[in-house]
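2 protein chains.
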Amino acid sequence: MSEFLFLGIDGGGTKCRARLRDAEGNLLGEGAGGPSNIRLDPDLVWTSILTACREALSQAGLQENDLGRVRAGMGAAGAGQRSAVARLLSRQHPFASFVIDTDAHTAWLGAFEGGDGAILIVGTGSCGYGVVDGQRRYVGGWGFEISDEGSGAAIGRDLLRRVIWAYDGRIPATPLSNAVLGDFSNDPEVLVDWVGKARPSDYARYAPLVLEHAHQRDPLGLELVRHAADEMAQIAMRLLDLGAPALCTFGGLAEPLRPWLPPPLQQLIVPPRADAIDGAVLLAKTSQSGGRNDCTGL
Amino acid sequence: MSEFLFLGIDGGGTKCRARLRDAEGNLLGEGAGGPSNIRLDPDLVWTSILTACREALSQAGLQENDLGRVRAGMGAAGAGQRSAVARLLSRQHPFASFVIDTDAHTAWLGAFEGGDGAILIVGTGSCGYGVVDGQRRYVGGWGFEISDEGSGAAIGRDLLRRVIWAYDGRIPATPLSNAVLGDFSNDPEVLVDWVGKARPSDYARYAPLVLEHAHQRDPLGLELVRHAADEMAQIAMRLLDLGAPALCTFGGLAEPLRPWLPPPLQQLIVPPRADAIDGAVLLAKTSQSGGRNDCTGL
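Chains as they are written, first to last, in the UniProt record's numbering: chain A, 1 to 298; chain B, 1 to 298.
To be clear, the hints were calculated from the coordinates, so they are not data collected in a lab. Each residue gets a CB set at the ideal place from its N, CA and C atoms; glycine is no exception. Any given hint might turn out to be false.
[To be verified] FRET-style restraints, in silico, Cβ to Cβ:
1. 172(A) <-> 90(B): 17 to 27 Å
2. 169(A) <-> 113(B): 17 to 27 Å
3. 205(B) <-> 59(A): 27 to 37 Å
4. 43(B) <-> 208(A): 40 to 50 Å
5. 241(A) <-> 82(B): 45 to 55 Å
6. 273(A) <-> 169(B): 51 to 61 Å
7. 216(B) <-> 241(A): 25 to 35 Å
8. 230(A) <-> 172(B): 10 to 20 Å
9. 178(A) <-> 91(B): 34 to 44 Å
10. 59(B) <-> 197(A): 54 to 64 Å
11. 113(A) <-> 175(B): 15 to 25 Å
12. 230(A) <-> 230(B): 14 to 24 Å
Based on the provided sequences and hints, a complete structural model is requested.
So, in structure tokens, the structure goes:
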């Protein structure tokens, strides 16, 4: 019973998911915990991780002292930020080993099982990531203000900009622009006040409405969705130019935007072989070191 | 000596300027005070206003008790915000009358001496404003996040977005993108950290560099300046479509962008007849009421 077990952890802003497999890849158990964005307080993040882990252990009929033979891998948003990783790794953990990498990296590991390929995440934000011949490349994903093209937040902000243009009379109003201005009592001051407090996730809530109007051939809806798809395509093309033979897409907007991509791109999108949690299992397995507090690839 | 005097006040974020004229329009004196953005503490704003006013009064050889025959007009950024105006007007003032309006309105009043016309302000932010047949129209100027097209802040943010694209390999690097990335130690993480703290005025500081590279035919510089001029033109065209016979431009970027506008637009740009402070004098003169704490046009 001294054989290693492998735990994959997916660390997100609202929850933490964990999956335990044995060396042969058999599923032993799964669990969930609280927020585990690694920019949060490290004690909170560790509590979330260990809650998810212990639930998976308990499902597997294992005990607390089995933690010592668990090799854990975690994919987490924000793990590209060295200071956040250092803060997390400043705490003791009970595992045989613990490695952490970006959520993009574990998504890629799962999707291509470590082979050449690229992923494109399009949700509230957007990010492209590929690995070719062991070389990692990020394309996009540098944040809402100057990056995250094609994302829900970008679509929402572009929408509100055009709603203002329509109010000013710079472009024709459409059913979509009228509907949104109506939400703000037809008063741009109310809209501007809302913008003053809006976060990317607030803007992103408009993406489904934009898609819905685009499907009803609203000119503004069509323009915004086409623009988002063009920007998503630009990121995808760069990843392919870097040598990625195929693409996997993730995030709530990837599927809705897919039919708007140029057909030669659509044809290169393949289903992921495994999810990001199994990508994290693979991260745990392939990490060379068995020591504590390792942090590879950063 | 019971004849009214007319005081024009230009209220800005860093200083307050005042000019005193008699009923015939003769210049009696000028003065300056501290910050008078009306979103600031009203007691501070009134101190700035009265400092500027007393300096002008003293230049004119007048006394404190002459304040009672001064009719004052003020143009101020933020005066479109009713709550800020109400806060300012909650304090007593020593004038025979006091009226306040937006800085765009007093700029227009000065530029066209109350006649039909439109103004376009392009600096850190941007804003279009016109009055035709007594009807006021704002075009643009709804803030950095979803408006202020063609402004210095918009140029700077677009620049940084493209610097990231060049870093990612999505577009070719140029001398301009290389120079800017070099300012951030060639590290996009450093750039992203900067963006996290940047205000519109920080982005706007890149506008002169973009213009300089555009004049050296840098492809990225050319694209950004052309785009800003197109957006400035879009605002100008809307104001002309609304019936404005001519345009006056203000702000640090108006002159540099002017040669990039379509010639038919350039031909409609005329010099202002008077400045915004004399626009505020006109505001004081033409306001119907002599009572206290009047706030016209809002």
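Problem set entry | Verdict for residue 216(B), residue 241(A) (Cβ pair) under range 25 to 35 Å | holds, 29 Å
Exercise. Given a hinted range of 27 to 37 Å, is it respected by the beta-carbon distance of residue 205(B) and residue 59(A)?
Worked result: violated, 56 Å
For this session: Look at the Cβ atoms of residue 178(A) and residue 91(B) and judge whether their distance stays inside 34 to 44 Å.
Result: holds, 41 Å
Problem set entry | Beta-carbon spacing of residue 172(A) to residue 90(B) - inside the hinted bounds 17 to 27 Å or not | For residue 90(B) against residue 172(A), whose Cβ atoms are near 42 Å apart, the range 17 to 27 Å is violated.
For this session: Just tell me: holds or violated, for the beta carbon distance of residue 169(A) and residue 113(B) against 17 to 27 Å?
Result: holds, 26 Å
Problem set entry | Verdict for residue 43(B), residue 208(A) (Cβ pair) under range 40 to 50 Å | Roughly 48 Å apart at Cβ, these two residues keep to the hinted range, so it holds.
For this session: Go ahead and decide if the range 51 to 61 Å is satisfied by the Cβ distance of residue 273(A) to residue 169(B).
Result: violated, 27 Å
Problem set entry | 15 to 25 Å as the expected CB spacing between residue 175(B) and residue 113(A), which holds or is violated | Once the Cβ atoms are compared, 43 Å apart, the range 15 to 25 Å for residue 175(B) and residue 113(A) is violated.
For this session: Starting from the hint 45 to 55 Å, judge whether the C-beta atoms of residue 241(A) and residue 82(B) obey it.
Result: Because 53 Å falls inside the window, the suggested range holds.
Exercise. Honestly, do residue 230(A) and residue 172(B) meet the 10 to 20 Å range at C-beta?
Worked result: Between residue 230(A) and residue 172(B), where Cβ atoms are some 18 Å apart, the hint holds.
For this session: Mind checking the hinted window 14 to 24 Å against the Cβ distance between residue 230(A) and residue 230(B)?
Result: Holds - the Cβ-Cβ distance for residue 230(A) and residue 230(B), about 18 Å, lies within 14 to 24 Å.
Problem set entry | Hint check for residue 197(A) and residue 59(B) - Cβ pair distance inside 54 to 64 Å | 45 Å Cβ-Cβ, so the 54 to 64 Å window is violated.
Consistency note: the structure conflicts with the earlier hints numbered 1, 3, 6, 10, 11.
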